[in-house]
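**Q** Letter by letter, the chains look like this.
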Amino acid sequence: VNICTFRLGSRLFGSDIHLVKEVVADARIALVPQASPDVAGLVNVRGKLHLVLDLHRMTGLERLSSPPDRVVLFKQAAGESFGVAVDTLGDVLSLPESAIEDRRADEGPDSEARTDERRRARHGIALGVGRTASGLVVLLDPRGLLPALES
Amino acid sequence: VNPGFDDGLLQEFREEAGEHLAAFEGEILEIEKQGGSAEAWNRMFRAAHTIKGASGFLGLARIGAVSHSMETVLALVRDGKMGFSKIVSTALLAGVDALRRLLESAPDESGTGIEEVVARLEALLDPPTAASVLEEKGESHRLGVPGFSLSTCTHKLRQIPSGHRHQYILAFRREDLLRFQREGRSPVALLRRLQKMGQVVDDHMPGEDPLDPGASPGASILILFSTELEANHLPAATGLPSAQILELDLAELLNEIRTCEPGSLLRSRGSSGGPHHELPPPPRPPAGLERRRAKSVGPPEPLPVLVRDPASSHLEVGSRESTSSHGEAAQRRAAAKPGPAAPPREGAADLPPASAPAPAASRPVADPPQNHDLHAAAESIRVRVDVLDRLMRLAGELVLVRNRQLGRMEGASLADREIAQRLDLVTAGIQDAVLRARMQPLSNVLSRFQRIVRDLGQKLDKEIVFATEGAETELDRTLLEALSDPLTHIVRNCCDHGIELPADRVRAGKPAHGTIRVRASQEGSRVRIRIKDDGKGIDVARVRCKARENGLRCEEELRRMTDREALDLVFLPGLSTAATLSDISGRGVGMDVVRASIERLGGTVALESEPGAGTELDIHLPLTVAIVPALVVVADGARFAIPQANVEELVRLYDDDVRKIEGAGREDLFRLRDHLLPIVPLGRILSSRSPLDAEARGAFSRSDRDRREERLEALHRGEVAGVSEVFAVLSTGTGRFGILLDGILGTEEIVVEPIHGALAGLPIYSGATVLGDGEIALILDAQGLCRHAGFQPAPADDPPPETGDTARSARLLLFRSGPDEQLGIPLSAIRRVVRVDPESLETSGEREYLRLEGRSVRVERLDGLAPLSPAPRPGSGFLLLPSGPDRSWGLLATALVDSGEFELRPEPSPEDGPLVKGVALVKGRRTVLLDESTLLPALSGVP
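Protein sequences appear in the order of chains H and Z. Under the numbering used here, the residue at position 113 of the first sequence is numbered 113, and the numbers go up by one with no gaps. Under the numbering used here, the residue at position 69 of the second sequence is numbered 69, and the numbers go up by one with no gaps.
Simulated from the structure, these hints should not be mistaken for lab results. The beta-carbon is built from N, C-alpha and C at its ideal position, and this holds for glycine as well. Be a bit skeptical, because a hint or two may be false.
As the list claims (entries may be wrong) - EDC-like cross-link-like pairs, simulated, lysine to aspartate or glutamate; straight-line CA separation at most 16 Å:
no. : chain 1 : residue 1 : chain 2 : residue 2
1   : Z       : K459      : Z       : E500
2   : Z       : K459      : Z       : D496
3   : Z       : K196      : Z       : E175
4   : H       : K48       : Z       : E397
5   : H       : K48       : Z       : E775
6   : H       : K48       : Z       : D773
7   : H       : K48       : Z       : D389
As the list claims (entries may be wrong) - Computed, partial: chain Z to chain H, Cβ under 8 Å:
no. : residue
8   : A638
9   : S687
10  : A758
11  : I764
12  : A768
13  : D773
14  : G774
15  : E775
16  : I776
Claimed, not checked - If you anchor each label on the Cβ, the simulated ranges turn out as follows:
no. : chain 1 : residue 1 : chain 2 : residue 2 : range
17  : Z       : P241      : H       : L89       : 26 to 36 Å
18  : Z       : E397      : H       : K75       : 16 to 26 Å
19  : Z       : E397      : H       : P147      : 29 to 39 Å
20  : Z       : L178      : H       : E97       : 32 to 42 Å
21  : Z       : E410      : H       : L89       : 32 to 42 Å
22  : H       : E22       : Z       : S883      : 54 to 64 Å
23  : Z       : R185      : H       : R131      : 12 to 22 Å
24  : Z       : R185      : H       : E22       : 30 to 40 Å
25  : H       : K75       : Z       : R659      : 49 to 59 Å
26  : Z       : R393      : H       : P147      : 21 to 31 Å
27  : H       : E22       : Z       : E556      : 51 to 61 Å
28  : Z       : G80       : H       : K75       : 52 to 62 Å
29  : H       : K75       : Z       : D693      : 34 to 44 Å
Bound-form chain H, shown alone (with noise of 0.2 Å):
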């Protein structure tokens, strides 16, 4: 499996390549008042507007200090686009299946992570975790982002 990822943070995130429709350098993120505080806000890209999840408050990390400007879009429906703004991005792994592991069996026995695990797992946001040989990369599933927002 191709997985493009992106830091939030310390943590490394990524998703499945093809669910992946364009990373946005530069962004500028308009905010959105009375939005779910999951809502970074909207971004242009070419005329168009697409929706950006906060993915910093959705998983409970910190932000660092600069506001995030990249934003990874996901293919969704016109109309319904939405991204995620992350602070750097990183190279596209390629990792095999076995190398994933469910995040529903993840027994593993980092306290500090399991917390984080347990808390995106409420949110219904990650597919699963991978091992590289750098860490961990925690696999999202943009189906569940919206669904998981904060009304």
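Position chain Z relative to chain H; hints supplied.
**A** Here is chain Z on its own, set in the frame of chain H:
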């Protein structure tokens, strides 16, 4: 569905069939009302036929079955073999509904009750005459040559218009279809093309489905095609090699059937042996009439299915069909020729068919079938909606580019300016044209109501006529789509609650049939739609009662409400549940939803009802919503766009004037002319996720006032150059309110982009847009803002609540009536001032009348109505004609003093009464202020 053909095809079919069905339904309803012409039946027949043909191509069997039954019924009615009655039309309408259900669920074709519909239609065919046209019952004909033959039935052969002198069997093989597809021609397009050139009478798939990916290249579909085209044109017209085109001499053939005595010449044959065993055998062994009837066109081709030896070509005719029916068919054919029926010719294989063009009158049903469509095709083409939408978006982007370019024109050279100007013009032109292209007539929606009203009338035992005016008025298609549901709701309400039962109507002295009339017209950049019924109207007392019972309004509020305001209560959500409304004499079921959806479209809706006489809903809508002029404003450091349609005015206050935003104890108010306008800072609305209430607004008001005072102090100390506040007065159609802004950037034409679904729950936004500089601005929704701010906005035409003796400004007309006092009346109360011409003055008893533009206007004097000095008799000076609908009177003014905006500090006075609301010093003189809200009604009420 045939695999290998994409969803696009299906979608195309769905759209086209949907349009056919809509036209079909319209025809039936029309025929029910005023009877049908043969041409109307023919159009319906063709609609059913086209759907059936295309469904065959797409492998939609159930749609094929239903449309086939409808087609059969229609053929019988058209040919006068079946009488037309409500039973027939109801069965056909049921068929339309069934097809719609199936289309919607295609390719699955799930839908309940389909079999019942088919059974219902088939039941109509029960009379024995009907059976003769049914393929299934054994009267099929086989046309062509072995291996290249197609079975069809008599009634289809009879459908062939006399103008079509040539009939062919076209063999489309899999390889042809694939080739066409590579060339971008879909089977549906192919079929449509054929229909344009002639008529596809029947089709048949002798073996494998050629569209099946596993099919052999030779698998084919045979089409019986009738046309005016000569054989030598056909290869080019169809894209088929001539060897796959077989001409039939059908006219000759049918003539033959008539002149020959069946049974004597017919030689019994086995059901269908030999080369075409793959054909489904007719249920009964048909007797064959073997003649040389078919001939090939063009040079020989090594195509196995075409046998060029004339001796082996043949035609089979099922034997069960009665002679008379054959005879009739042939007679029709014969009648279509000028002269007596030609005798059967021998060796026709090498002769062209001899039928001459028929005089049109000889056979009324014989117009070329696509006459209608062809005519339309010349003026319009079908454009895919997504292409149109894309064009719309691109035009929108062009507008943005233009805006950006125009924004950079400062200091540009003359040449650059010229180019920019040109760009501006062209962009406006494109925008206009694209918007126009998206416009569709309201009749697209209204046409459905004939059916809805008919069905509801039948169900409710009411007689209801549905009439439209101005149905050709056009609206943007997105608006039209969104309008469909609210309109349906309103019309249903009219039928259900408005129109009474015929007996009740007659008792009330009204015609037994109720009328629902929809009138549409374009008024400037808006469209007005009025839906009026002549039913029993809404009982305002009951509405008040319900509002009180349901706790929506308290006794006191209801008492102070005018009937008009009370009527407006039916738009409240709580008054609209079916349970509470079922016993109210008006509409109201979901009227809150109706209002909400119309407001969402940027429109307004108002209700008027007269007990016993009916109810009218008045809807105003913008023509288009996609590109709107908007005011771009700043609040909390972000930009927002407010559609200009909602912005009434902008007010900027400088320095000490900012104190005019008064915190009337609780919240900010501004006296704008003679109305008190509630005001709240936009930033405060935006930053609160929950709707504001009076308490929250009060808190804002106090802190904002403190902040303003601090700045004013700074101003007075000379620390800042100036203090100002700016607010926009927004109108929601029902009321007005103000929002304080941090800044105003100007106006811009914005392209409304729908907001993401995850944000759709935020009522304060109606969309988002990209501004000229590429920045995003959210588009504010005035209604949503108003609700979120918690305002009960002051109705635009209501007197504001009085708040003590504070100064206010008002636009007044100052005049004199008697010699003593100076009077003031709000300018808004006066429509016009005319000079009193003594020549035109007439007296009748105590009263005076002024002849004015062909009518007589009563001269009213104030001294009879309030303790004021008497006005002279006979009247002289001027007549103040009131605004409002009443044109029957005018107020006498002996002299006009001044008009304009004046600061007032009204005080109570001895003259105070129902018509006088205090005095004030205006221009240094004591001025008696008239209360327009009581004056106008009081005088209008004078007999």
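**Q** Against this structure, judge whether each hint is valid.
**A** Hint check results:
1. For the given pair, K459(Z) sits about 13 Å from E500(Z) by alpha-carbon distance, which is consistent with the 16 Å threshold.
2. Between K459(Z) and D496(Z), the direct Cα distance comes to roughly 10 Å. Compliance with the 16 Å bound is thereby established for this hinted pair.
3. Between K196(Z) and E175(Z), the direct Cα distance comes to roughly 23 Å. Violation of the 16 Å bound is thereby established for this hinted pair.
4. With a C-alpha separation of about 10 Å, the suggested pair K48(H) and E397(Z) falls inside the 16 Å cut-off, and the hint holds.
5. Taking the CA atoms of K48(H) and E775(Z), the gap is about 11 Å. The hint holds against a cut of 16 Å.
6. For the given pair, K48(H) sits about 14 Å from D773(Z) by alpha-carbon distance, which is consistent with the 16 Å threshold.
7. At roughly 14 Å between alpha-carbon atoms, K48(H) and D389(Z) fall within 16 Å of each other, so this suggested pair holds.
8. The restraint placing A638(Z) at the interface with chain H holds, with a minimum CB-CB distance near 6 Å, inside the 8 Å limit.
9. Satisfaction of the interface hint for S687(Z) is found here, the shortest Cβ-Cβ separation to chain H being roughly 6 Å, below the 8 Å cut-off.
10. Checking A758(Z) against chain H: minimum C-beta separation of about 5 Å stays under 8 Å; hint holds.
11. Hint status for I764(Z) relative to chain H: holds, with the closest Cβ pair at about 6 Å, below 8 Å.
12. With a cut of 8 Å, the hint placing A768(Z) at the interface with chain H holds, because the nearest CB-to-CB distance is about 5 Å.
13. Evaluation of the D773(Z) hint against chain H yields a violated restraint, the C-beta minimum of about 11 Å exceeding 8 Å.
14. Checking G774(Z) against chain H by beta carbon gives a least distance of about 6 Å; that is within 8 Å, so the hint holds.
15. For E775(Z), the shortest C-beta to C-beta distance to chain H is roughly 7 Å, which falls under 8 Å, so the interface hint holds.
16. Interface restraint check: I776(Z) against chain H, minimum CB-CB distance 4 Å, threshold 8 Å, status holds.
17. Distance hint check for P241(Z) and L89(H): the Cβ-Cβ separation is about 58 Å, which falls outside the suggested range of 26 to 36 Å.
18. For E397(Z) and K75(H), the hinted distance range of 16 to 26 Å is satisfied, since their beta carbons lie about 22 Å from each other.
19. For the pair E397(Z) and P147(H), the supplied restraint of 29 to 39 Å holds, since their beta-carbon distance comes to about 32 Å.
20. Between L178(Z) and E97(H), the C-beta spacing of about 38 Å keeps the proposed range 32 to 42 Å intact.
21. Between E410(Z) and L89(H) the C-beta distance comes to about 39 Å, which sits within the given range of 32 to 42 Å.
22. Between E22(H) and S883(Z) the beta carbon distance is about 59 Å. The supplied range of 54 to 64 Å therefore holds.
23. R185(Z) and R131(H) have their C-beta atoms about 53 Å apart, which leaves the hinted 12 to 22 Å range violated.
24. Checking the proposed 30 to 40 Å range against R185(Z) and E22(H) shows it holds: the Cβ atoms sit about 35 Å from each other.
25. For the hinted restraint 49 to 59 Å between K75(H) and R659(Z), the CB-CB distance of approximately 56 Å keeps it satisfied.
26. Under the hint 21 to 31 Å, the C-beta atoms of R393(Z) and P147(H), about 28 Å apart, fit the expected range.
27. The hint said 51 to 61 Å for the Cβ distance between E22(H) and E556(Z), and at roughly 60 Å that hint holds.
28. Taken as a hint, the range 52 to 62 Å holds for the pair G80(Z) and K75(H), whose Cβ atoms sit roughly 59 Å apart.
29. A hinted range of 34 to 44 Å holds for the C-beta pair K75(H) and D693(Z), which are about 43 Å apart.
Hints 3, 13, 17 and 23 from the list above are not met by this structure, while the remaining hints are.
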